[in-house]
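For the sequence shown, our numbering begins at 850 and goes up steadily by one.
Fair warning: there could be bad hints in the mix.
Claimed, not checked - Listed next, the in silico EDC-like pairs over lysine to aspartate or glutamate satisfying Cα-Cα at most 20 Å (straight line):
| hint | residue 1 | residue 2 |
| --- | --- | --- |
| 1 | 933 | 986 |
| 2 | 975 | 1360 |
| 3 | 983 | 958 |
| 4 | 1355 | 1374 |
| 5 | 983 | 1061 |
| 6 | 1285 | 885 |
| 7 | 998 | 1070 |
| 8 | 1037 | 1264 |
| 9 | 1285 | 1264 |
| 10 | 998 | 958 |
| 11 | 1091 | 1015 |
| 12 | 1037 | 1351 |
| 13 | 1242 | 906 |
| 14 | 1037 | 1015 |
| 15 | 1037 | 1373 |
| 16 | 1242 | 891 |
| 17 | 975 | 944 |
| 18 | 1285 | 944 |
| 19 | 1355 | 1398 |
| 20 | 933 | 955 |
| 21 | 975 | 986 |
None of these hints come from the bench; they were simulated from the model.
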Amino acid sequence: MYAMLKASFDRCCRAGVLLFWITAASLSRGAGSAVEFDTQNDGLRVPDGFQVAVVAEVLGRARHLAVRDNGDIYVAMRESHANKCLAALRDTDGDAVADLIHYFGDYGECGSVEIHRGYLYFSNLKTVYRVPLKEGELVPSGEVEVVAKDFAANGQWHNYKVLAFDESGNVYVNVGSPSNVCQTVSRKPGSPGLAPCPQLAGRAGIWRFRADENNQRQAGDGHRYATGIRNGVALAWNPLSKALYTIPHGRDLLHDLWPGFYSSQDSAELPAEEFFRLHDGFNGGWPYAYYDQRRQQKMVSPEYGGRGDTPETSAKYGDPVYAFPGHWGPNDLIFYTGSQFPQHYFGGAFVAFVGGWNRAPYPQQGYKVMFVPFNESGDPGGDAMVFADNFAKTAEVYSPDDAQHRPTGLAQGPDGSLYISDSNTGRIWRVFYTGKSLPGGNRSSAARVEARQPAAANGPQDKAYMAHCAACHMANGSGVSRYQPALRGSALVAGPERELVELVLKGKNSDDYANSMPAFAHLDDETLARILSYIRGGFGNSAEAISADDVRGYR
C-alpha cells in the first residue's frame, strides 16, 4: 500500500509548481483568483519554498479543525462564541480567505472535530457526536446523533475527547488523566503515588468504539485500546502503516515535588514528550514510569520509588518511536498524504506544539509545528525538523500569556495544503508549497531543544520564589490562564496577612483553576516570610512585608 501511494505521489509531483497553480485556482467552491500571499508570511517562519495565507484572523480560541473535500473548514472552539462551540468557514472566491464564517452547536466547549464517511464528528468534554454533511450545506442541518457518552469525569483536568478513525469503522477517543501523576495527596512534595493507580480504570488511555453506532457508553461498549497515556490529545491514525499514534502530555513538576532527586533544569527538560505507536493492549507507563530522552530509556517515577536515575527494567511499558523535549505541549498530529508538498514530506508526521507553562524558571518552549519523516515501516526515518515557528512573536516566553499565538490544530486540505489553528485568538493559517522564496528569507529556525538560562534572580527572596512558586505562578507572576492564578495585581496577595499565610500553609482547591494550591507548611517560617514579602512587594503589588513572626503566629 505504501509503495502504491508513494508512486501516485511521485507522478503528481512531476507536475511541479504547475500543479500548485492549477490547484490554487480551484481551492474552493468558486472559480477563484490567485492567492495573494503576505510577503512576510504573517510573521511565521517556514521552510524555503513555502508561503502562508491567513484564512481567518480572530475566530475565537480554536482547538482542532478539519477540512472537507470541497474546502469547507470546521473548527472546534475551546471557548464558545455566543454559546456555540463549532465554527464553519468557506472561501467563496479562491483567495484562501474565509468569506463566510458561521458558528453553531450549543455544546459548551468543543475539543475535537473530524470528517469521516460523510459525517462531521465532534466532541465536547463528555460526549462524542456526529451529524451528516449534506451536499451544498456549510452548517449541517441534519439530526445530531450521540456516538459515545458517559465518559469518566475528570474535574477540570484533561477533559477534551480527541478523535481518530481507522479504515475498519472504528473511532478512537482519548480520555485524559485527572491528575499530574496519581499521588496520594495531589501536588504535595514527597507524596507517594497510589498503587495501583485507580485513575487507569476509566481514564489515562485510548478507548475504541464503533464509528457508526449510537449511544455507546464508555463502560460496557467501549474497548480500552491503550492505557498509561496521560493525555493523548495529539492522536492520529496513519493510513500508510495502518496504526494509531499519539504524543501525550508528559507529567510535570519533578523538581517541585522531588527536589532531592531533580534540579530545576531537570524539571524543565524532563520527561520527554513521547511519540507512541499504539497497538491493542499498549501501556505507555503513566504514572509509574516516564521516558528520559537524555538517557534514552524509561525511568521509574519518583512517586513509585525512582530517584531520578532509576531505570524501569520490567519491560511492561512501551518505548516511544521518537522523543521530543519535555513540556512542549503536543496538541495535534497528522500524517501527510497529499501531493502538493515536496516528496520527502509524504508519509511523515506534522506535530503542533501549543507550548508549555511549567519550565520555570527557564523560558517556556514549544509554540511551533514540527515535522518528522517516516519510513515504510511506520517508524521515524530521520530527525525532526522545525516546519513553522515564530507563532509566539517574541524571543522569550516565560508564561503562555506572553505568546501572541499558540499552534493547536492541524488539518490537510484536499489540495495538499496544511492548515494550522491558534488557541489564543483563533487565527487560522494555510501553508502552501509554491517553490518560491520570500524576499526576506523568512525561514524556519532550528529547534531549541534544551532549557535556556533561567530568569534573573535579584536576591534571596527571588531565589526562594523561583525554587518553590515560579513553576506554577511564572517568573513574572502572571500565572497561567485556567491553570494557576496571577499574583500580579492580586487582591488576595495584597489583602489581609492572615488569609494569605493560611492559604500558603494549608493549600486550597479552586473551582476557577484546574490546579490546586498545594500546602507549603513544610517550609520554615523565614523562607515563607521571604516569599510572601517578595510577592506582596513585587509584580506591581505594594502591600506590606510579612515577618517570620507573623507566619509563626498564624501557623
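We went through each hint and held it up to the structure:
1. At most 20 Å may separate the alpha-carbon atoms for a hinted pair to count; residue 933 and residue 986 meet this at roughly 18 Å.
2. Among the hinted pairs, residue 975 with residue 1360 is consistent with the structure: their alpha-carbon atoms are about 18 Å apart, no more than 20 Å.
3. Annotation: proposed proximity of residue 983 to residue 958 is violated, straight-line Cα distance about 24 Å (limit 20 Å).
4. For the suggested pair residue 1355 and residue 1374, the alpha carbons sit about 14 Å apart, so the restraint of at most 20 Å is met.
5. At most 20 Å may separate the alpha-carbon atoms for a hinted pair to count; residue 983 and residue 1061 meet this at roughly 17 Å.
6. Pair hint residue 1285 plus residue 885 holds up; C-alpha atoms about 13 Å apart against a cutoff of 20 Å.
7. Using a Cα cut-off of 20 Å, the hinted pair residue 998 and residue 1070 holds, with the two alpha carbons roughly 10 Å apart.
8. With a C-alpha separation of about 51 Å, the suggested pairing of residue 1037 with residue 1264 is violated against the 20 Å cut-off.
9. Of the supplied pair hints, the one linking residue 1285 and residue 1264 holds, its CA atoms being roughly 18 Å apart against a limit of 20 Å.
10. Taking the CA atoms of residue 998 and residue 958, the gap is about 15 Å. The hint holds against a cut of 20 Å.
11. Note on residue 1091 and residue 1015: the hinted pairing holds, with a Cα-Cα distance of about 8 Å set against a maximum of 20 Å.
12. The hinted pair formed by residue 1037 and residue 1351 meets the criterion: a straight-line CA distance of about 16 Å does not exceed 20 Å.
13. Taking the CA atoms of residue 1242 and residue 906, the gap is near 15 Å; set against the 20 Å cutoff, the hint holds.
14. Distance check on the hinted pair: residue 1037 and residue 1015 sit about 41 Å apart at the alpha-carbon level, beyond 20 Å; violated.
15. A distance of roughly 16 Å separates the Cα atoms of residue 1037 and residue 1373; the hinted pair therefore holds under the 20 Å criterion.
16. In summary, the hint linking residue 1242 to residue 891 is supported, as the alpha carbons are separated by about 10 Å, within the 20 Å threshold.
17. A C-alpha spacing of about 37 Å is found between residue 975 and residue 944, which places the hinted pair above 20 Å, so the restraint is violated.
18. Among the hinted pairs, residue 1285 with residue 944 is consistent with the structure: their alpha-carbon atoms are about 18 Å apart, no more than 20 Å.
19. Restraint check: the Cα-Cα separation between residue 1355 and residue 1398 comes to about 18 Å, which is no more than 20 Å; the hinted pair holds.
20. Simply put, residue 933 and residue 955 have alpha-carbon atoms about 5 Å apart, close enough for the 20 Å limit, and the pair holds.
21. The suggested pairing of residue 975 with residue 986 is violated, with an alpha-carbon distance near 27 Å, which exceeds 20 Å.
Comparing the model with each numbered hint stated earlier shows that hints 3, 8, 14, 17, 21 do not hold.
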